[in-house]
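Protein chains: 2
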Amino acid sequence: MKSFPVPMIPELNQTVASAAVARQDRLTKPPGALGRLEELSIKLAAMTSELVPDLSRRAVLVCAGDHGVAAQGVSAYPQEVTAQMVLNFLAGGAAINVLARQMNAEVLVVDAGCMADFAEQPQLIACKIARGTKDITQEPAMTSQDAEAALTLGIEIAHQQHQRGIRLLAVGEMGIANTTSASAITAVLTGYPPREVTGRGTGVDDARLQHKIAIVEKAIRINRPDRNDGLDVLSRVGGLEIGVMAGVILGAASQRIPVVIDGFISTAAALIASTLSPKAVHYLLAGHRSVEPGHQKALAKLGLQPILDLDMRLGEGTGAVLAFGILDAAVKILAEMATFEEAGVSEE
Amino acid sequence: MKSFPVPMIPELNQTVASAAVARQDRLTKPPGALGRLEELSIKLAAMTSELVPDLSRRAVLVCAGDHGVAAQGVSAYPQEVTAQMVLNFLAGGAAINVLARQMNAEVLVVDAGCMADFAEQPQLIACKIARGTKDITQEPAMTSQDAEAALTLGIEIAHQQHQRGIRLLAVGEMGIANTTSASAITAVLTGYPPREVTGRGTGVDDARLQHKIAIVEKAIRINRPDRNDGLDVLSRVGGLEIGVMAGVILGAASQRIPVVIDGFISTAAALIASTLSPKAVHYLLAGHRSVEPGHQKALAKLGLQPILDLDMRLGEGTGAVLAFGILDAAVKILAEMATFEEAGVSEE
Numbered sequence: 013m014k015s016f017p018v019p020m021i022p023e024l025n026q027t028v029a030s031a032a033v034a035r036q037d038r039l040t041k042p043p044g045a046l047g048r049l050e051e052l053s054i055k056l057a058a059m060t061s062e063l064v065p066d067l068s069r070r071a072v073l074v075c076a077g078d079h080g081v082a083a084q085g086v087s088a089y090p091q092e093v094t095a096q097m098v099l100n101f102l103a104g105g106a107a108i109n110v111l112a113r114q115m116n117a118e119v120l121v122v123d124a125g126c127m128a129d130f131a132e133q134p135q136l137i138a139c140k141i142a143r144g145t146k147d148i149t150q151e152p153a154m155t156s157q158d159a160e161a162a163l164t165l166g167i168e169i170a171h172q173q174h175q176r177g178i179r180l181l182a183v184g185e186m187g188i189a190n191t192t193s194a195s196a197i198t199a200v201l202t203g204y205p206p207r208e209v210t211g212r213g214t215g216v217d218d219a220r221l222q223h224k225i226a227i228v229e230k231a232i233r234i235n236r237p238d239r240n241d242g243l244d245v246l247s248r249v250g251g252l253e254i255g256v257m258a259g260v261i262l263g264a265a266s267q268r269i270p271v272v273i274d275g276f277i278s279t280a281a282a283l284i285a286s287t288l289s290p291k292a293v294h295y296l297l298a299g300h301r302s303v304e305p306g307h308q309k310a311l312a313k314l315g316l317q318p319i320l321d322l323d324m325r326l327g328e329g330t331g332a333v334l335a336f337g338i339l340d341a342a343v344k345i346l347a348e349m350a351t352f353e354e355a356g357v358s359e360e
Numbered sequence: 013m014k015s016f017p018v019p020m021i022p023e024l025n026q027t028v029a030s031a032a033v034a035r036q037d038r039l040t041k042p043p044g045a046l047g048r049l050e051e052l053s054i055k056l057a058a059m060t061s062e063l064v065p066d067l068s069r070r071a072v073l074v075c076a077g078d079h080g081v082a083a084q085g086v087s088a089y090p091q092e093v094t095a096q097m098v099l100n101f102l103a104g105g106a107a108i109n110v111l112a113r114q115m116n117a118e119v120l121v122v123d124a125g126c127m128a129d130f131a132e133q134p135q136l137i138a139c140k141i142a143r144g145t146k147d148i149t150q151e152p153a154m155t156s157q158d159a160e161a162a163l164t165l166g167i168e169i170a171h172q173q174h175q176r177g178i179r180l181l182a183v184g185e186m187g188i189a190n191t192t193s194a195s196a197i198t199a200v201l202t203g204y205p206p207r208e209v210t211g212r213g214t215g216v217d218d219a220r221l222q223h224k225i226a227i228v229e230k231a232i233r234i235n236r237p238d239r240n241d242g243l244d245v246l247s248r249v250g251g252l253e254i255g256v257m258a259g260v261i262l263g264a265a266s267q268r269i270p271v272v273i274d275g276f277i278s279t280a281a282a283l284i285a286s287t288l289s290p291k292a293v294h295y296l297l298a299g300h301r302s303v304e305p306g307h308q309k310a311l312a313k314l315g316l317q318p319i320l321d322l323d324m325r326l327g328e329g330t331g332a333v334l335a336f337g338i339l340d341a342a343v344k345i346l347a348e349m350a351t352f353e354e355a356g357v358s359e360e
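So the protein sequences, as listed, match chains A and B.
Counting in our numbering, the first sequence runs without a single skipped number right up to 360 at its last residue.
Counting in our numbering, the second sequence runs without a single skipped number right up to 360 at its last residue.
Just so you know, these hints were derived from the structure itself, not from any lab.
Beta carbons: idealized from backbone N, C-alpha and C, even for Gly.
A portion of the hints provided could be inaccurate.
Said to hold, decoys possible - Label-pair ranges, simulated between beta-carbon atoms:
#1 ALA219(B) x PRO43(A): 17 to 23 angstroms
#2 ALA219(B) x VAL33(A): 51 to 57 angstroms
#3 GLN157(A) x GLY104(B): 53 to 59 angstroms
#4 ASP66(B) x PRO19(A): 45 to 51 angstroms
#5 GLY356(B) x HIS223(A): 54 to 60 angstroms
#6 PRO43(A) x PRO19(B): 39 to 45 angstroms
#7 PRO19(A) x GLY104(B): 41 to 47 angstroms
#8 GLY177(A) x GLU360(B): 38 to 44 angstroms
#9 ASN240(B) x ASP66(A): 53 to 59 angstroms
#10 ALA34(A) x GLU208(B): 33 to 39 angstroms
#11 ASN240(B) x PRO90(A): 57 to 63 angstroms
With the sequences and hints as input, model every part of the structure.
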């Protein structure tokens, strides 16, 4: 097992967390009555080391990459849709753009490994590692050098965002056929058989779902990824955008930036990150529960409970960014509510 | 059974709903991939008769009233907390104020039947019907005249809000001991025994929960409410604030204003409204799933699925107003996303 140089990830700040718990109990409501809003305010305090963190500077990193396994007919859409959607993100017309505008979050698109090239522009982080992955039914997705490069790039991007003043991140993705890769990663790292963690992705029919399950089984059989080594799993059955997302998670955690993961694919990236540094999970929040059957199993493995459950399965970071509104509510409750003393309300 | 004059409630606009369905299927995402955001955009179009309704003028009506049954020791808090919290709402320090500010919603407090009096002020709708209800373990909560007055007031308030330009409403409440009343209403109108729909409210312990269940059973035994007559149920085991909320639901539905209900108590009001006019349910959205065990059963009876599920149990309209952010997202997706043609993205 190769050792990848993971940045140092600090402990959660339990002192600030305790202060948040104490303040929640003085606010004018029965203790615990705001449920997960209370829990999230306490978690955010522990992550950021601030009782009331300023999360106003925020971004979603939409990481894009192509997958050689698309040639096996595992998606309802042709491979060129990856690049077409990147252009849609840059033009502001995709679902993630709409939700990010609502939540006052920047959309930054990372070309981690698309087949196509894109013109330079401010919202595009161009760091193409390769033109897509190889077909994982035939060979490893990428070299171990490229897997390391993807992680390193993700870590650097997180550090750059921290330097720009970003204090809350979401990770999302685009990549035709990347639920196939995510299913393989999830099967290997959770121990569930491929048929229990492979779903319909963009919406394939029953016959294509059976085919997709067989493809995932074959990818694992051919490549034999080492479940104890996230880097090996990434290079054998992963994706370039998945590697960058895993790196972003590690880099953000090292800077105390909370990262909201999105659906099945970004959660597969989180599984990889957690094998490289289990402490990275302390800085993760699960934005929503996806319809993909493997998502809940991956979240359970990470010990994360989704914030929203709205039958979504789009990716792009949509479920993560939508959850920003709930995080804002959690922080505002702690910051703005009156205490029993301030309001002159009798206690139990 | 007395006939209460329910205002005429229009049919949902299926033509506009079909236009919303058609537009969702042209947007740059796999069909259905935004799950409940798509469903909610279609429902809001059907309710308002507008493909992209302008929901920017919005309010939460926090209806407050006291309950005579508080004398039976069913709450963790003393009765004076009802009035203290009304003052907290008016001062802007309660949870509902924080969340309403985040969601750009007005907080209007309705004194439907508090023991205390309050000074006149812009955010207070003073329409005290009585100084609290009677103790429902001894006699009916209110006269049938007062029950009619509560419903009529609610209908009038909804009409006033419509005339002011409000196009989205949430209903919430405050009233020490009102989960006891809501449990009795829910038991009668869903058919479940009291022990299955009675919970811990503000947070009573096991012994007090058993006592509370016995109180609910006694209230139903003594008063024998007619499950086919919402007005009778309201007058025998209801609350003044619950009656006003039921009236608001009827009045808003008659004006095509979507109403987001909150937790267990506002849902009990919705059960009453639905017995008076089943069509009122077409204009309801369930903001969240409360921790109270009777809430899910009441929602199921109404055929409503909660938008959020965050272990909240505060009331005040907090879960309803928090869901405004999801409704905004639903409308913005339909309004702002690019179509496949506009973005030049290939389809299946």
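Going through the hints against the structure:
no. : hint                                      : verdict
1   : ALA219(B) x PRO43(A): 17 to 23 angstroms  : holds (18 angstroms)
2   : ALA219(B) x VAL33(A): 51 to 57 angstroms  : violated (27 angstroms)
3   : GLN157(A) x GLY104(B): 53 to 59 angstroms : holds (58 angstroms)
4   : ASP66(B) x PRO19(A): 45 to 51 angstroms   : holds (47 angstroms)
5   : GLY356(B) x HIS223(A): 54 to 60 angstroms : violated (29 angstroms)
6   : PRO43(A) x PRO19(B): 39 to 45 angstroms   : holds (41 angstroms)
7   : PRO19(A) x GLY104(B): 41 to 47 angstroms  : holds (43 angstroms)
8   : GLY177(A) x GLU360(B): 38 to 44 angstroms : holds (41 angstroms)
9   : ASN240(B) x ASP66(A): 53 to 59 angstroms  : holds (55 angstroms)
10  : ALA34(A) x GLU208(B): 33 to 39 angstroms  : holds (36 angstroms)
11  : ASN240(B) x PRO90(A): 57 to 63 angstroms  : holds (58 angstroms)
Checked against the numbered hints above, the structure breaks hints 2, 5 and satisfies the rest.
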